[in-house]
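Taking full-length UniProt numbering, I'd label the letters of the sequence shown as residues 1 to 218.
The hints are simulated quantities; they were obtained by calculation from the structure and are not laboratory data. Mixed in with the good hints, there may be bad ones.
Simulated restraints on C-beta separations [what the hints assert, rightly or not]: (1) G154 x I115: 33 to 43 Å; (2) I115 x T26: 27 to 37 Å; (3) K23 x M206: 31 to 41 Å; (4) T172 x A137: 18 to 28 Å.
Within a straight-line C-alpha distance of at most 25 Å, the following computed PhoX-like cross-link-like pairs (lysine-lysine) qualify [what the hints assert, rightly or not]: (5) K23 x K202; (6) K169 x K202; (7) K169 x K156.
Just so you know, these numbers come straight off a predicted model, no measurement behind them. Yeah, the Cβ is synthetic: ideal placement off N, Cα and C, and Gly gets one too.
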Amino acid sequence: MTAFVKSRNQEHTVPVVFVAASKLPTPFATFTMNGFLEEATGREHVVLSLGDIADGAPVLGRVHSECLTGDALFSQRCDCGSQLEAALRAIAREGRGVLLYLRQEGRGIGLMNKIRAYELQDGGADTVEANERLGFAADQRDYAICLPMLEHLGVKSLRLMTNNPRKVKALTEMGITVAERVPLHTGHNPHNKLYLATKASKLDHMMGNEHQGEVDRA
Numbered sequence: 001m002t003a004f005v006k007s008r009n010q011e012h013t014v015p016v017v018f019v020a021a022s023k024l025p026t027p028f029a030t031f032t033m034n035g036f037l038e039e040a041t042g043r044e045h046v047v048l049s050l051g052d053i054a055d056g057a058p059v060l061g062r063v064h065s066e067c068l069t070g071d072a073l074f075s076q077r078c079d080c081g082s083q084l085e086a087a088l089r090a091i092a093r094e095g096r097g098v099l100l101y102l103r104q105e106g107r108g109i110g111l112m113n114k115i116r117a118y119e120l121q122d123g124g125a126d127t128v129e130a131n132e133r134l135g136f137a138a139d140q141r142d143y144a145i146c147l148p149m150l151e152h153l154g155v156k157s158l159r160l161m162t163n164n165p166r167k168v169k170a171l172t173e174m175g176i177t178v179a180e181r182v183p184l185h186t187g188h189n190p191h192n193k194l195y196l197a198t199k200a201s202k203l204d205h206m207m208g209n210e211h212q213g214e215v216d217r218a
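The whole structure should be built from the sequences, with the hints applied where relevant.
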């Protein structure tokens, strides 16, 4: 059933339509797949949910931006695919959680521009320099879509699986309660060593393994 979603915080939200929900069996668990349409852009976003996420208690969750190369094509240039799998495994183990899959490829620059950025990285640029040489900000992602989707599903608070403090800040500023940041360290390999180092040094990601409660891939 299609339904317009209204948010309590109109200052930090975007018009979104809930389209439909279905079961999604995976190797980890059978999730509920919730489809949402962002009216202004036409982008289609998905939220995978498991268990009772509307009981008011903090929900283990991840906000994951689309990465075709990492999520579907097994690229080792990044850690995205490994993080996606680790997050789904963690939610399945807990028996309760939510994963927001946002259609903002390449930190918001799109797939073709991402390939252009990869070409520049092949020539020696790091991931931030490549975006900037193409005329983009280092990170163009927008998380405003998260608020109406979470509200529609009844999620009040997140235990957010992320290494990115800027993501925590963005969600908090729009009124989403982040009760805990759960580190998500996985997917390190020789091909993404510079990429991960750049995320730590230029994008403030917390990439160390010293944190308690870290989510493992297994």
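Hint-by-hint comparison with the structure:
1. G154 x I115: 33 to 43 Å: Because 39 Å falls inside the window, the suggested range holds.
2. I115 x T26: 27 to 37 Å: Given a distance of about 28 Å, which is inside 27 to 37 Å, the answer is holds.
3. K23 x M206: 31 to 41 Å: For M206 against K23, whose Cβ atoms are near 35 Å apart, the range 31 to 41 Å holds.
4. T172 x A137: 18 to 28 Å: Holds, since T172 and A137 (Cβ atoms, about 21 Å apart) stay within the stated range.
5. K23 x K202: violated (39 Å)
6. K169 x K202: holds (17 Å)
7. K169 x K156: holds (16 Å)
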